[in-house]
Amino acid sequence: NAGVTQTPKFRVLKTGQSMTLLCAQDMNHEYMYWYRQDPGMGLRLIHYSVGEGTTAKGEVPDGYNVSRLKKQNFLLGLESAAPSQTSVYFCASSQGKQPQHFGDGTRLSIL
Amino acid sequence: AQSVTQPDIHITVSEGASLELRCNYSYGATPYLFWYVQSPGQGLQLLLKYFSGDTLVQGIKGFEAEFKRSQSSFNLRKPSVHWSDAAEYFCAVHNTDKLIFGTGTRLQVFP
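Residue numbers (the numbering used here), protein chains in the order written: chain Y, 1 to 111; chain E, 1 to 111.
The following block holds chain E by itself, in its conformation from the complex:
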């Protein structure tokens, strides 16, 4: 069965530090992959998506993600984190009319 794993439940970084959030997927064909962000009390907002082509995709708010087929990974990165990036981040894979989400990674940012 298709699945998405986000191994880190909670990550804490200092403002200005770099960030990498991990995402591993299980999917037979070429996956359609997404990263969403959820601020407290809000719905989910799309950060970026990968459908095909260039394996490094750029998103909003300075985020990027790299698709690595050999590692079944789609990790999210940001070179310098801002306090406003504190939120919960979800990785998802599209599977037959619906999305399968990971359980999320909560990011805390210290000044």
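If we strip away everything but chain Y, and leave its shape as in the complex, we get:
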């Protein structure tokens, strides 16, 4: 009964490095989302997907790319990490307008 699983849970990068965050869901949900959470700013949507092979930009997409090659996986990429991307990243999935299910987050620090 895993739900939404995020990998890794913690990561420290140097400025300019690249990395990929993985989100996997086992609920057969069509919709998947990537958010970032920063103090005092709530959750801001980075990118989302309404189905396999589709992606769309959210509120703060710059500096990030995503891919949804398989229905159960949603990848978030940072091509050239910047200190401003230090944040806690959350993945979520849902079926239509139904409530989103969240992972436990990835804490990412960019030095």
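Note that these hints are calculated values from the structure, not bench results.
For glycine and all other residues, C-beta sits at the position ideal for the given N, C-alpha and C.
Just to be clear, a hint being listed does not mean it is correct.
With the C-beta cut set under 8 Å, the calculated list includes, among others, these residues of chain Y facing chain E [what the hints assert, rightly or not]:
(1) LEU13
(2) MET41
(3) LEU43
(4) LEU45
(5) PHE90
(6) LYS97
(7) GLY103
Assemble the complex: chain Y is given as a structure, and chain E must be docked to it using the hints.
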């Protein structure tokens, strides 16, 4: 543009006291509204949702919320707070395939 406002950044209550967290939304049509709770180091957990019908909705952990269209509000209430309710609470409205979150209210509970 659609938005969600949580006017209280931080609320402190004594254990056993009643609680009301405020949420105001801006949305043209009938909104789909949610309250989520986030414990430290965790992802978001759904407390309750409003889609239509009865304007008073019951959720988990003894929480309830009332939808008031005339006031564009969806306030969260609990008659008697427990120390374990200390967390951050987020109100959200569904808007075209995604959620718009408020900036959250941090609840502190004193014994």
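For this session: Using Cβ atoms only, decide whether LEU45/Y comes closer than 8 Å to chain E, and label the hint accordingly.
Result: Given a least distance of 6 Å, the restraint on LEU45/Y holds.
Exercise. Is the interface hint for MET41/Y satisfied, with its Cβ closer than 8 Å to some Cβ of chain E?
Worked result: holds (6 Å)
Exercise. Close enough to count: is the Cβ of PHE90/Y nearer than 8 Å to one in chain E?
Worked result: Cβ of PHE90/Y sits 6 Å from chain E, so the hint holds.
For this session: Would you settle whether the hint for LEU43/Y is holds or violated, based on the nearest Cβ-Cβ distance to chain E being less than 8 Å?
Result: Holds - the Cβ of LEU43/Y comes within 8 Å of chain E, reaching about 5 Å at its closest.
For this session: Tell me if LYS97/Y is really an interface residue toward chain E, meaning its C-beta lies closer than 8 Å to one of theirs.
Result: holds (5 Å)
Exercise. When the nearest CB of chain E is found for GLY103/Y, is that gap smaller than 8 Å?
Worked result: Holds - the Cβ of GLY103/Y comes within 8 Å of chain E, reaching about 5 Å at its closest.
Exercise. Does the nearest C-beta of chain E fall within a distance shorter than 8 Å of the C-beta of LEU13/Y?
Worked result: The hint is violated - LEU13/Y has no Cβ within 8 Å of chain E, the shortest such distance being about 20 Å.
In terms of the numbered hints stated before, the structure departs from hint 1 and from no other.
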